[in-house]
Amino acid sequence: GAVVSQHPSWVICKSGTSVKIECRSLDFQATTMFWYRQFPKQSLMLMATSNEGSKATYEQGVEKDKFLINHASLTLSTLTVTSAHPEDSSFYICSARTLGAQGQPQHFGDGTRLSIL
Amino acid sequence: QQQVKQSPQSLIVQKGGISIINCAYENTAFDYFPWYQQFPGKGPALLIAIRPDVSEKKEGRFTISFNKSAKQFSLHIMDSQPGDSATYFCAASIQNAGNNRKLIWGLGTSLAVNP
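Top line first, the protein sequences correspond to chains A and B.
When we follow this note's numbering, the leftmost residue of the first sequence carries the number 1, and every step to the right adds one.
When we follow this note's numbering, the leftmost residue of the second sequence carries the number 1001, and every step to the right adds one.
Fair warning: there could be bad hints in the mix.
Pairs of lysine-lysine residues, derived as BS3-like cross-links and limited to a Cα-Cα distance of at most 30 Å, are as follows [stated by the list, open to error]: (1) Lys-66(A) x Lys-1068(B); (2) Lys-1071(B) x Lys-41(A); (3) Lys-1015(B) x Lys-1058(B); (4) Lys-20(A) x Lys-1042(B); (5) Lys-1058(B) x Lys-1071(B); (6) Lys-1057(B) x Lys-66(A); (7) Lys-1102(B) x Lys-41(A); (8) Lys-20(A) x Lys-1102(B); (9) Lys-1071(B) x Lys-1102(B); (10) Lys-1005(B) x Lys-1068(B); (11) Lys-14(A) x Lys-1042(B); (12) Lys-66(A) x Lys-1102(B); (13) Lys-1042(B) x Lys-64(A); (14) Lys-64(A) x Lys-1005(B); (15) Lys-1068(B) x Lys-1058(B).
Incomplete in silico selection of chain A near chain B, CB under 7 Å [what the hints assert, rightly or not]: (16) Val-3; (17) Ser-43; (18) Leu-44; (19) Thr-49; (20) Phe-108.
FYI, nobody ran anything at the bench for these hints, they're computed from the structure.
We put the CB at the ideal spot given by N, CA and C, even for glycine.
Input sequences plus hints: build the corresponding full structure.
Spelled out as structure tokens, the structure:
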């Protein structure tokens, strides 16, 4: 149980284009989804937290106009990297959890490797 | 205060040995401590987790030891296998001002188990 699917797993695109990444919880309802960015051999950096039906809460230093997050249903959240540039190249990972006690863990997708040429 | 300090940064263990990774924190508002395992090119996978009212939790070859007074917790991997070679992250959960829960992550430990 607790499967999170992320798509696409790898995307290469030209500078200036926008890229959408999907995150789906397959067998549970995700009241909260998280988007992370991870650089090689580094820890996960939280970008934003989104609750279903609400605006996302962005971490300090993350441009909300650059990284658009939508969490329209209990099973789907999307991250759109707008006007992507080479410095946006990274490994983006989503996670999801259900509403409940503090013991509800985050379950992660397998990430999307984004390469901007 | 929001940090979780993880050590060592890298670890090499012989097959069959015990791998030990340590984490320390300062913020007593943390109330849930998961460990995640990450293989290259994959997302982290929840390995085992503990709450601060428990001093030890064991699941198969994986054990968390938790010392609330010292604000430290550790992951022990018994009978380490080459397939355990991965990066391990400790984390601590906290409820933030917006009533959301977030994880504060350690920097990770790269474990290599030699055959």
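Structure-based check of each hint:
1. Lys-66(A) x Lys-1068(B): It is violated: about 41 Å lies between the C-alpha atoms, which goes past 30 Å.
2. Lys-1071(B) x Lys-41(A): Since the Cα atoms of Lys-1071(B) and Lys-41(A) sit roughly 26 Å apart, the hinted pair holds (cutoff 30 Å).
3. Lys-1015(B) x Lys-1058(B): holds (20 Å)
4. Lys-20(A) x Lys-1042(B): Holds, at about 19 Å.
5. Lys-1058(B) x Lys-1071(B): Holds, because 19 Å separates the two Cα atoms, which is no more than 30 Å.
6. Lys-1057(B) x Lys-66(A): violated (42 Å)
7. Lys-1102(B) x Lys-41(A): holds (21 Å)
8. Lys-20(A) x Lys-1102(B): holds (24 Å)
9. Lys-1071(B) x Lys-1102(B): holds (19 Å)
10. Lys-1005(B) x Lys-1068(B): With Cα atoms ~15 Å apart, Lys-1005(B) and Lys-1068(B) stay inside 30 Å; holds.
11. Lys-14(A) x Lys-1042(B): holds (24 Å)
12. Lys-66(A) x Lys-1102(B): holds (22 Å)
13. Lys-1042(B) x Lys-64(A): holds (26 Å)
14. Lys-64(A) x Lys-1005(B): holds (29 Å)
15. Lys-1068(B) x Lys-1058(B): holds (17 Å)
16. Val-3: violated (11 Å)
17. Ser-43: Hint holds; Ser-43(A) Cβ to chain B Cβ min 5 Å, cut 7 Å.
18. Leu-44: holds (5 Å)
19. Thr-49: holds (5 Å)
20. Phe-108: It holds, given that the least Cβ distance between Phe-108(A) and chain B is near 4 Å, below 7 Å.
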